[in-house]
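Model the full assembly from the supplied sequences, consistent with the hints where possible.
Sequence lines, in order, name chains A and B.
Using the working numbering, you'd call the opening residue of the first sequence number 1 and step up by one each time.
Using the working numbering, you'd call the opening residue of the second sequence number 1 and step up by one each time.
Derived by calculation from the structure, the hints in this document are not laboratory data.
Owing to the predicted nature of the structure, the values given are computational and were not obtained by experimental measurement.
Note that CB positions come from ideal geometry on N, CA and C, so glycine has one too.
You may find that some hints are simply not true.
[Stated by the list, open to error] Now the in silico label distances, taken between C-beta atoms and shown as ranges:
hint, chain 1, residue 1, chain 2, residue 2, range
1, B, F373, A, G70, 39 to 49 Å
2, B, F378, A, K208, 46 to 56 Å
3, A, E124, B, G278, 51 to 61 Å
4, A, G66, B, I26, 48 to 58 Å
5, A, R67, B, A394, 18 to 28 Å
6, A, N140, B, I336, 26 to 36 Å
7, A, G15, B, I377, 39 to 49 Å
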Amino acid sequence: MIELSGVGRAYEVGGEVLHALRDVDETIDSGDYVALMGPSGSGKSTLLNVMGCLDQPTSGTYRLDGREVGSLTEDELSEVRRHKIGFVFQSFHLIPRLSAVENVALPMMLAGVSVAERRKRALEALETVGLAKRADHRPNEISGGEAQRVAIARATIMRPAILLADEPTGNLDSASGATVVALLEELNAQGLTLVVVTHDPNMAARAKRVLLMRDGRIVNRIAGSELSETLHRSKVLEATP
Amino acid sequence: MTGADFIGFAWTALSRQRRRTFLSLIGVTVGVAAVILLTALGEGARIYVSQQFEALGKNLIIVMPGKNETTGFSGVGGAPNDLTLEDAEALARQVTQIRELAPVTIGESLIAHQERRRRSTVLGTTEAMKSIRGLRVSMGRFLPEGAMDRGDAVAVLGADIASELFGNTFPVGKVVRIGDWRTRVIGVLESQGTQMGLDLDEVVIIPVASGMRLYNRTSLFRIMASARHHGDLEVVRRRITEVLTDRHEEEDFTCISEDSVAGAFSQILTALTAALGGIAAISLSVAGIGIMNLMLVSVSERTPEVGLLKALGATRFQILGVFLTEAILLTTGGAILGVCLGWLLVQVLVAVYPTLPATPPLWAIAMVVATAFATGIFFGLLPARRATDLDPVASLARR
Ligand SMILES: Nc1ncnc2c1ncn2[C@@H]1O[C@H](COP(=O)(O)OP(=O)(O)OP(=O)(O)O)[C@@H](O)[C@H]1O
Ligand SMILES: [Mg+2]
Numbered sequence: 001m002i003e004l005s006g007v008g009r010a011y012e013v014g015g016e017v018l019h020a021l022r023d024v025d026e027t028i029d030s031g032d033y034v035a036l037m038g039p040s041g042s043g044k045s046t047l048l049n050v051m052g053c054l055d056q057p058t059s060g061t062y063r064l065d066g067r068e069v070g071s072l073t074e075d076e077l078s079e080v081r082r083h084k085i086g087f088v089f090q091s092f093h094l095i096p097r098l099s100a101v102e103n104v105a106l107p108m109m110l111a112g113v114s115v116a117e118r119r120k121r122a123l124e125a126l127e128t129v130g131l132a133k134r135a136d137h138r139p140n141e142i143s144g145g146e147a148q149r150v151a152i153a154r155a156t157i158m159r160p161a162i163l164l165a166d167e168p169t170g171n172l173d174s175a176s177g178a179t180v181v182a183l184l185e186e187l188n189a190q191g192l193t194l195v196v197v198t199h200d201p202n203m204a205a206r207a208k209r210v211l212l213m214r215d216g217r218i219v220n221r222i223a224g225s226e227l228s229e230t231l232h233r234s235k236v237l238e239a240t241p
Numbered sequence: 001m002t003g004a005d006f007i008g009f010a011w012t013a014l015s016r017q018r019r020r021t022f023l024s025l026i027g028v029t030v031g032v033a034a035v036i037l038l039t040a041l042g043e044g045a046r047i048y049v050s051q052q053f054e055a056l057g058k059n060l061i062i063v064m065p066g067k068n069e070t071t072g073f074s075g076v077g078g079a080p081n082d083l084t085l086e087d088a089e090a091l092a093r094q095v096t097q098i099r100e101l102a103p104v105t106i107g108e109s110l111i112a113h114q115e116r117r118r119r120s121t122v123l124g125t126t127e128a129m130k131s132i133r134g135l136r137v138s139m140g141r142f143l144p145e146g147a148m149d150r151g152d153a154v155a156v157l158g159a160d161i162a163s164e165l166f167g168n169t170f171p172v173g174k175v176v177r178i179g180d181w182r183t184r185v186i187g188v189l190e191s192q193g194t195q196m197g198l199d200l201d202e203v204v205i206i207p208v209a210s211g212m213r214l215y216n217r218t219s220l221f222r223i224m225a226s227a228r229h230h231g232d233l234e235v236v237r238r239r240i241t242e243v244l245t246d247r248h249e250e251e252d253f254t255c256i257s258e259d260s261v262a263g264a265f266s267q268i269l270t271a272l273t274a275a276l277g278g279i280a281a282i283s284l285s286v287a288g289i290g291i292m293n294l295m296l297v298s299v300s301e302r303t304p305e306v307g308l309l310k311a312l313g314a315t316r317f318q319i320l321g322v323f324l325t326e327a328i329l330l331t332t333g334g335a336i337l338g339v340c341l342g343w344l345l346v347q348v349l350v351a352v353y354p355t356l357p358a359t360p361p362l363w364a365i366a367m368v369v370a371t372a373f374a375t376g377i378f379f380g381l382l383p384a385r386r387a388t389d390l391d392p393v394a395s396l397a398r399r
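Dropping the structure here:
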């Protein structure tokens, strides 16, 4: 469970203080499906990085499964990231010199899983994302959609409780974007907490909850179904002459 | 993450950058090859010198008057007792482990035959010297056997002396003058070059008693003895010391074995070899700086990768290990190639100069590989630390 209370993240740039996040209060239960929307620079990525323990709030507290993240040592943070959190990035972040299975196996290498088990589990994971045939291909030998599915396999290989995706379909065409979204939703259906940053209202509308951000604050919370209805209505309006 | 994982991961990075990896390997390889080659040369010189000593007869013991010549003072009694012919006779009689014993006097005189003359070293000794030094006679014979104090008027000439004084005429049976002393040539040595700093081709050998009389000496210059067995060397040395100390009532002489002289040479050359190796090892640190540069470039190029590893839960130790392993792999790999290259060069050298038994000493190989390993750690640490300290969010954002 993610509990943010009064979370702020300030940067100092050239003597001026820039607030990427201000006073964010939010609770995300496990198994939830949340979309983060908002204009560019509104703090969506920053919020996601804070949730993923990659970045530390400069004010307020963040409790992850009841533990206060601010009090953890760097090695404990690594441990949390390794076992509780999976990241999916807009630009995939696959290591170009490693094959697909090797990329998927990477978190297991860091966690000290034996070599034989690594390969077996990584191949299984590739199979579930439908890429068994691409196992020994390098990232530059597969399409963007396939690369993102490899990245999802990697993000979930340690069976984390939370999956954080920052514009996962941002670099994909709509068809492969749809595959990726379907994959993420399937994982969520299995109980994984899913937080997705997106600029696409249609994608956000599929979430249970949508958080709208502006200037580092959450300015509105609506249900995904509500957004979906609004979108539908506007589409109908557009269609009527 | 196991050691094999670190190496495997580093290997994927290095094998992707073939050209760059190769260039930085070369630096280490050349440095290590230089260490191997230079130490092999030094070691070759050492082996060559000790072989020369061995050629002289491994079982040799030398006694000289005066205790520990380097300190200058010899006991409380002032001048040391003479080393006499009687001492030599006593040793030959009493020390049963001695195979051969030859007393030696040395002087310098004008040697003349008719109007030809030249200065030469005159060695007084006995027949035993022939086998102790492995002397060979080309004409006539060596000194006659008999009591040490028999001062016959006979001489054996070195090869060069004989040809200078006699040209093409047959020297044996002719009379030469050594200073004022008229003596008959009974033999000529085969040409055999320099041994122990004495050019045997330029020497005149006469009976030891004649030599002492000629130069008016009361003391011998040296007593040389060979042991029956090499293993007896120390026993012989101890027995000689006992017998002489007993006769002189003090230890006013020095008794060394050829082993200890050879040992001193060997030590000097080993030190020299180590110094050469050390100098060459400095070139390794230059290669180390090259590797540090390479690693810094690599860290900066792979910043997003570092961010990703952190996002996947890599610890500081793991990030440090990844980059440090790369540096160590470069230096140690370069060192192994360097040992091979150096070994190859040594083989070429030996093929060109077969007399020089050049071979890289094991300690040098071990040292150079260890140094390369340490160089990797030392110069890899800064780039690896830089990677460890990267901020994950900023690293991931860089593309
Ligand atoms: N390292 C940094 N130093 C200074 N300012 C930063 C830094 N990182 C982010 N910011 C600022 O914080 C604010 C929020 O950035 P963030 O990346 O969270 O926005 P975002 O909502 O993800 O935008 P986008 O949709 O473009 O990805 C922006 O104004 C950005 O300029
Ligand atoms: Mg963003």
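> Does the Cβ distance between B/F373 and A/G70 fall inside 39 to 49 Å?
Replying inline: Holds, since B/F373 and A/G70 (Cβ atoms, about 41 Å apart) stay within the stated range.
> That 18 to 28 Å hint for A/R67 and B/A394 (C-beta), does it hold up?
Replying inline: holds (26 Å)
> Taking 39 to 49 Å as the hint, is the beta-carbon distance of A/G15 and B/I377 inside that range?
Replying inline: holds (40 Å)
> Okay, A/E124 versus B/G278 on CB: inside 51 to 61 Å?
Replying inline: Hint holds: Cβ distance 56 Å, inside 51 to 61 Å.
> Between A/N140 and B/I336, is the Cβ distance one that fits in 26 to 36 Å?
Replying inline: Hint holds: Cβ distance 32 Å, inside 26 to 36 Å.
> Cβ-Cβ distance between A/G66 and B/I26: within 48 to 58 Å?
Replying inline: holds (56 Å)
>> If I claimed the Cβ atoms of B/F378 and A/K208 lie 46 to 56 Å apart, would that claim hold in this structure?
In response: holds (55 Å)
Of the hints listed earlier, there is not a single one the structure fails to meet.
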